[in-house]
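As you go down the protein sequences, you meet chains W and C in turn.
Take the first sequence: its letters are residues 1 to 320, numbered as in UniProt numbering.
Take the second sequence: its letters are residues 1 to 256, numbered as in UniProt numbering.
Since the hints were derived computationally from the structure, they do not count as laboratory data.
Mixed in with the good hints, there may be bad ones.
Unchecked claim - Straight-line C-alpha distance at most 20 Å; calculated EDC-like pairs for lysine to aspartate or glutamate:
id, chain 1, residue 1, chain 2, residue 2
1, W, LYS202, C, GLU169
2, C, LYS253, C, ASP240
3, C, LYS253, C, GLU231
4, W, LYS250, W, ASP21
5, W, LYS202, W, ASP103
6, W, LYS202, C, GLU84
7, W, LYS250, W, GLU69
8, C, LYS125, C, GLU169
9, W, LYS202, C, GLU67
10, W, LYS202, C, GLU231
11, C, LYS22, C, ASP240
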Amino acid sequence: MANLPSNQTEIELPLTQRPVDVARALAPRRPATWVLSIVTVLVAAQIVHLLLTNANFEWDVVGQYLNSETVLQGVVMTLFLTVTAMTIGLILGGVLAVCRLSDNTLLRALASSYIWFFRGTPQLVQLIFWFNIGLLVPVLSIGIPFGPTFASIESNTLVTPLLAAIVGLGLHDAAYQAEIYRAGLISVDEGQLEAAQALGMKPVRVFFRIQLPQAMRFIVPPTFNSIIALVKGTSLVSVIGGAELLFSVKEIYSQTYQTVPLLIVASIWYLFITTVLNGVQFFIERHYGRGSSRTGSSSIVARFFDRRAAERTLNRGMES
Amino acid sequence: MTQPILRISGLRKQFSGVEVLKGIDLEVHVGETVAILGSSGSGKSTLLRCVNCLEVASGGSIWVGDELMGYRQESGDTVRRLTESQIAVQRRNVGMVFQNFNLFPHWTVLQNIADGPRSILKLSKADAIERSMALLTRVGLADRATAYPRQLSGGQQQRVAIARALALEPGLLLFDEPTSALDPENVSEVTDVMAALAAGGATMLVVTHELGFARAAADRVVFMDGGVILEQGSPAEVFDHSQQPRTREFLRKSLV
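Can you build the whole structure from these sequences, using the hints too?
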């Protein structure tokens, strides 16, 4: 192309010198995307085919038990255990995290030991342990250590499967939650704390108004990870006879032997609960993303809500 | 001369055995603007951060008005360190502007400024907003009250930070290299605001590399080197008739 014959009357410009406008450029060829799409469609079709034609799923049985009283009671128990254990975890975890970050050596050591122990032993072992606490301490008393006691009760009377479950799940969750809080708190820029101090804010206010709100952006995603793990973790309680969702379906299929459809019933409920939690997470993350240039996803749903949030921000800007 | 609002005597500061401040004596009087110059590592930022107790001094003393910063004198010559909450109260008379602005990103511009008057001075919401808007007007940003810090340029953020520091009406303002993180074209919008403050009678202690600002707006220039104050005097004395070879070398290199 560079050396064109000199006798040619109309000189054809070399490719690199012709006028170009990228406005009408074609999309790049992506053969791999096409292959992947076809494979995906085939596999999806296979799965749907399996779900519809394999009689072992017994969808009629699934439909029959999905709303049955025993299953619904299990769902309620699962939700109750999740909420109570989560509450213990969120509050105790916060206390532990603050202790671990404190200047006080004793508080730091106490919190570290707690986290070391409850994170280092299996949740199932802890649950069984709390349920059998009577083997270790037959009588529980309230009183002054090594001094007089004011009230006492037999451990086996006090510790029902329900109480053992709440205590076991909650204390275990708190250890993990403490580390989630701590990760978020130390991720806040030191300059933010200095600016707050320089303005004369007292430590408690610096923590709640400056450090924690900014830490929340880093705390929320792993917290929901852990809450969702907790929802499913409540199924461990079936081992100590707590009548949660898995225990309820087990009770049914141990009599009817319809194991597969009833496990599907349980799975559908677990998925339903975790899906709702995903939605809650979206809204909470959006709330704590205020003022951030990196506000999560750019999906159509997110953009719709972001626009509404922007309008609200304008209104709120005038508030202190 | 008026009484000093800031009295630093024999101030020493060590970081893990390394002496960064080796006995600093400095007074700043009401209405005075003092610029601190010096190369990095000379201890000028540390000096500033000791004044409002962001750094704990290793020795000496700092008085802001009647307050011994960070400590309380008890009977005899006993001195007891204050708690963070007590230091917070002392800090309310000392405003600070940081190199990296450090505005609170989760609050709007207005919230950043109005929070202090509202929560610390206990002004009514209307009064706090009024005061904040007046300050924003003063730094030329009244139209950005509802923006979040990240939506502003560096120069605008720093002007908001100045308004925030002014909101508690402190007796002393500290500036820690307020223009060092800015694009060159944004520097003057910040130094203009600072010069106006200085001319308006504010008491300011400014660590800066902006020699033009120091010469034009400062009443006194302090040159620090190796943790000591090497020289101080009027801008003309220090810039044009420096007695110290080290100062002259610094100025020559800085002006190139």
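| task | Of all the hints given earlier, name the ones this structure violates by number, lowest first. | result | As far as the earlier hints go, 4, 10 and 11 are violated by this structure, in ascending order.
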